[in-house]
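Under numbering that gives the first Met the number 0, the very last position in the sequence shown is 123; numbers go up by exactly one each time.
A hint or two may mislead.
As the list claims (entries may be wrong) - Mimicking PhoX-like on lysine-lysine, the simulated pairs with C-alpha atoms at most 25 Å apart in a straight line are:
(1) Lys63 - Lys98
(2) Lys63 - Lys90
(3) Lys90 - Lys102
Stated by the list, open to error - The calculated label-pair distances, taken between Cβ atoms and stated as ranges, are:
(4) Ser117 - Glu91: 42 to 48 Å
(5) Gly116 - Glu86: 42 to 48 Å
(6) Met65 - Phe36: 16 to 22 Å
(7) Glu91 - Ile61: 25 to 31 Å
(8) Leu97 - Ala64: 22 to 28 Å
(9) Asn35 - Ile61: 37 to 43 Å
(10) Gln109 - Ile48: 36 to 42 Å
(11) Gly58 - Ala106: 17 to 23 Å
(12) Glu39 - Ser108: 17 to 23 Å
(13) Ser108 - Ile61: 16 to 22 Å
(14) Arg72 - Ser37: 21 to 27 Å
(15) Ser46 - Ser108: 22 to 28 Å
(16) Lys102 - Thr122: 33 to 39 Å
(17) Ser92 - Phe121: 41 to 47 Å
FYI, nobody ran anything at the bench for these hints, they're computed from the structure.
Just so you know, even glycine gets a beta-carbon here, dropped at the ideal spot from N, CA and C.
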Amino acid sequence: MTASNIPSSLSGDDLEKLMQAAQEKSADESVDNTHNFSHEYLTELASEICDSACDRSHGPLIHKAMALTILSRMVEWHTEVGTSLFEDGQKESGAAWLKDAGKLQAAISQLLEVGLGSDDPFTD
0 MTASNIPSSL SGDDLEKLMQ AAQEKSADES VDNTHNFSHE YLTELASEIC
50 DSACDRSHGP LIHKAMALTI LSRMVEWHTE VGTSLFEDGQ KESGAAWLKD
100 AGKLQAAISQ LLEVGLGSDD PFTD
(Lines of atoms letter the chains of each structure in order from A and count residues from 1; the text may use other names and numbers.)
(Lines give C-alpha, C1' and ligand atoms only; values in the text may rest on other atoms or scores of the structure.)
Protein backbone atom coordinates (compact mmCIF):
# COMPACT_ATOMS: atom_id res chain seq x y z
CA MET A 1 0.00 0.00 0.00
CA THR A 2 1.41 3.35 -0.96
CA ALA A 3 0.66 6.78 0.40
CA SER A 4 -1.10 7.64 -2.87
CA ASN A 5 -3.83 5.06 -2.34
CA ILE A 6 -4.43 5.59 1.39
CA PRO A 7 -7.28 8.04 1.91
CA SER A 8 -6.80 11.01 4.21
CA SER A 9 -9.98 10.13 6.09
CA LEU A 10 -12.62 7.41 6.09
CA SER A 11 -16.29 7.48 6.92
CA GLY A 12 -18.13 4.45 8.21
CA ASP A 13 -19.61 3.94 4.75
CA ASP A 14 -16.13 4.17 3.19
CA LEU A 15 -14.83 1.54 5.59
CA GLU A 16 -17.75 -0.75 4.80
CA LYS A 17 -17.11 -0.39 1.06
CA LEU A 18 -13.39 -1.12 1.53
CA MET A 19 -14.17 -4.19 3.62
CA GLN A 20 -16.63 -5.45 0.99
CA ALA A 21 -14.11 -4.86 -1.81
CA ALA A 22 -11.40 -6.65 0.19
CA GLN A 23 -13.68 -9.62 0.78
CA GLU A 24 -14.55 -9.80 -2.91
CA LYS A 25 -10.89 -9.53 -3.87
CA SER A 26 -9.85 -12.18 -1.37
CA ALA A 27 -12.57 -14.49 -2.67
CA ASP A 28 -11.12 -14.06 -6.16
CA GLU A 29 -7.64 -14.92 -4.86
CA SER A 30 -8.78 -18.11 -3.09
CA VAL A 31 -8.23 -16.73 0.41
CA ASP A 32 -9.84 -18.93 3.01
CA ASN A 33 -12.25 -16.60 4.82
CA THR A 34 -13.64 -19.40 6.99
CA HIS A 35 -11.01 -18.87 9.70
CA ASN A 36 -11.49 -16.42 12.52
CA PHE A 37 -7.88 -15.24 12.07
CA SER A 38 -7.01 -16.05 15.64
CA HIS A 39 -3.49 -15.57 16.97
CA GLU A 40 -2.77 -19.25 16.35
CA TYR A 41 -4.09 -19.22 12.78
CA LEU A 42 -2.25 -16.01 11.87
CA THR A 43 0.99 -17.38 13.32
CA GLU A 44 0.62 -20.59 11.33
CA LEU A 45 -0.23 -18.69 8.14
CA ALA A 46 2.76 -16.36 8.57
CA SER A 47 5.03 -19.35 9.11
CA GLU A 48 3.74 -21.02 5.94
CA ILE A 49 4.34 -17.81 3.96
CA CYS A 50 7.88 -17.56 5.38
CA ASP A 51 8.54 -21.19 4.45
CA SER A 52 7.31 -20.49 0.93
CA ALA A 53 9.65 -17.49 0.70
CA CYS A 54 12.58 -19.65 1.78
CA ASP A 55 11.72 -22.13 -0.97
CA ARG A 56 12.05 -19.29 -3.50
CA SER A 57 15.22 -17.69 -2.10
CA HIS A 58 18.38 -18.90 -0.41
CA GLY A 59 19.23 -17.92 3.15
CA PRO A 60 17.67 -15.43 5.55
CA LEU A 61 17.95 -12.34 3.31
CA ILE A 62 14.43 -12.86 2.00
CA HIS A 63 13.12 -12.67 5.56
CA LYS A 64 15.00 -9.44 6.18
CA ALA A 65 13.63 -7.99 2.94
CA MET A 66 10.12 -9.11 3.88
CA ALA A 67 10.42 -7.67 7.39
CA LEU A 68 11.67 -4.33 6.07
CA THR A 69 8.87 -4.22 3.49
CA ILE A 70 6.22 -5.06 6.08
CA LEU A 71 7.57 -2.54 8.58
CA SER A 72 7.68 0.17 5.90
CA ARG A 73 4.07 -0.51 4.98
CA MET A 74 3.10 -0.38 8.65
CA VAL A 75 4.89 2.98 9.02
CA GLU A 76 2.95 4.33 6.03
CA TRP A 77 -0.35 3.01 7.39
CA HIS A 78 0.21 4.33 10.91
CA THR A 79 1.33 7.72 9.58
CA GLU A 80 -1.70 8.07 7.31
CA VAL A 81 -4.17 6.98 9.98
CA GLY A 82 -2.50 9.15 12.63
CA THR A 83 -2.47 12.19 10.38
CA SER A 84 -6.10 11.65 9.40
CA LEU A 85 -7.22 11.31 13.01
CA PHE A 86 -5.21 14.35 14.02
CA GLU A 87 -6.78 16.40 11.21
CA ASP A 88 -10.24 15.20 12.27
CA GLY A 89 -9.66 16.65 15.73
CA GLN A 90 -8.92 13.32 17.40
CA LYS A 91 -5.52 14.55 18.52
CA GLU A 92 -4.91 12.00 21.26
CA SER A 93 -5.69 9.01 19.01
CA GLY A 94 -3.80 10.56 16.11
CA ALA A 95 -0.76 11.19 18.27
CA ALA A 96 -0.82 7.56 19.46
CA TRP A 97 -0.83 6.28 15.87
CA LEU A 98 2.00 8.65 14.92
CA LYS A 99 3.97 7.60 18.00
CA ASP A 100 3.59 3.98 16.92
CA ALA A 101 4.81 4.94 13.43
CA GLY A 102 7.96 6.22 15.10
CA LYS A 103 8.37 2.95 16.99
CA LEU A 104 8.09 1.07 13.70
CA GLN A 105 10.70 3.36 12.15
CA ALA A 106 12.99 2.52 15.07
CA ALA A 107 12.42 -1.18 14.38
CA ILE A 108 13.50 -0.60 10.76
CA SER A 109 16.65 1.16 11.98
CA GLN A 110 17.45 -1.72 14.32
CA LEU A 111 16.91 -4.33 11.62
CA LEU A 112 19.14 -2.44 9.20
CA GLU A 113 21.95 -2.74 11.76
CA VAL A 114 21.66 -6.54 11.85
CA GLY A 115 24.07 -7.91 9.28
CA LEU A 116 23.55 -11.20 7.49
CA GLY A 117 26.92 -11.53 5.88
CA SER A 118 28.80 -9.95 3.01
CA ASP A 119 25.88 -10.48 0.61
CA ASP A 120 23.49 -8.41 2.73
CA PRO A 121 22.50 -5.41 0.56
CA PHE A 122 20.54 -3.86 3.44
CA THR A 123 23.47 -3.30 5.80
CA ASP A 124 26.37 -0.92 5.29
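Right, here's what the structure says about each hint:
Restraint check for Lys63 and Lys98: the C-alpha separation of about 23 Å stays at or below 25 Å, so the hint holds. Of the supplied pair hints, the one linking Lys63 and Lys90 is violated, its CA atoms being roughly 34 Å apart against a limit of 25 Å. Restraint check for Lys90 and Lys102: satisfied, since their Cα atoms lie roughly 18 Å apart, inside the 25 Å limit. Distance hint check: the CB atoms of Ser117 and Glu91 are about 47 Å apart, consistent with the given range 42 to 48 Å.
Evaluation of the 42 to 48 Å hint for Gly116 and Glu86 yields a pass: the beta carbon distance comes to about 44 Å. Taking 16 to 22 Å as the suggested C-beta distance range, the pair Met65 and Phe36 conforms, at roughly 19 Å. The supplied range of 25 to 31 Å is broken by Glu91 and Ile61, whose beta-carbon atoms lie about 39 Å from each other. The supplied range of 22 to 28 Å is met by Leu97 and Ala64, whose beta-carbon atoms lie about 26 Å from each other.
Roughly 29 Å separates the CB atoms of Asn35 and Ile61, a value that falls outside the hinted 37 to 43 Å. Range check, Gln109 to Ile48: about 22 Å between beta-carbon atoms, so the 36 to 42 Å window is missed. Take Gly58 and Ala106: their Cβ atoms lie about 21 Å apart, and the range 17 to 23 Å holds. A hinted range of 17 to 23 Å for the beta carbons of Glu39 and Ser108 is inconsistent with their spacing of about 31 Å.
Evaluation of the 16 to 22 Å hint for Ser108 and Ile61 yields a pass: the beta carbon distance comes to about 20 Å. Range check, Arg72 to Ser37: about 22 Å between beta-carbon atoms, so the 21 to 27 Å window is met. The hinted window of 22 to 28 Å between Ser46 and Ser108 holds, with their beta carbons roughly 26 Å apart. Taking the beta carbon of each, Lys102 and Thr122 are about 21 Å apart, not inside 33 to 39 Å as hinted.
Between Ser92 and Phe121, the C-beta spacing of about 33 Å breaks the proposed range 41 to 47 Å.
Of the numbered hints stated above, those contradicted by the structure are hints 2, 7, 9, 10, 12, 16, 17, listed in ascending order.
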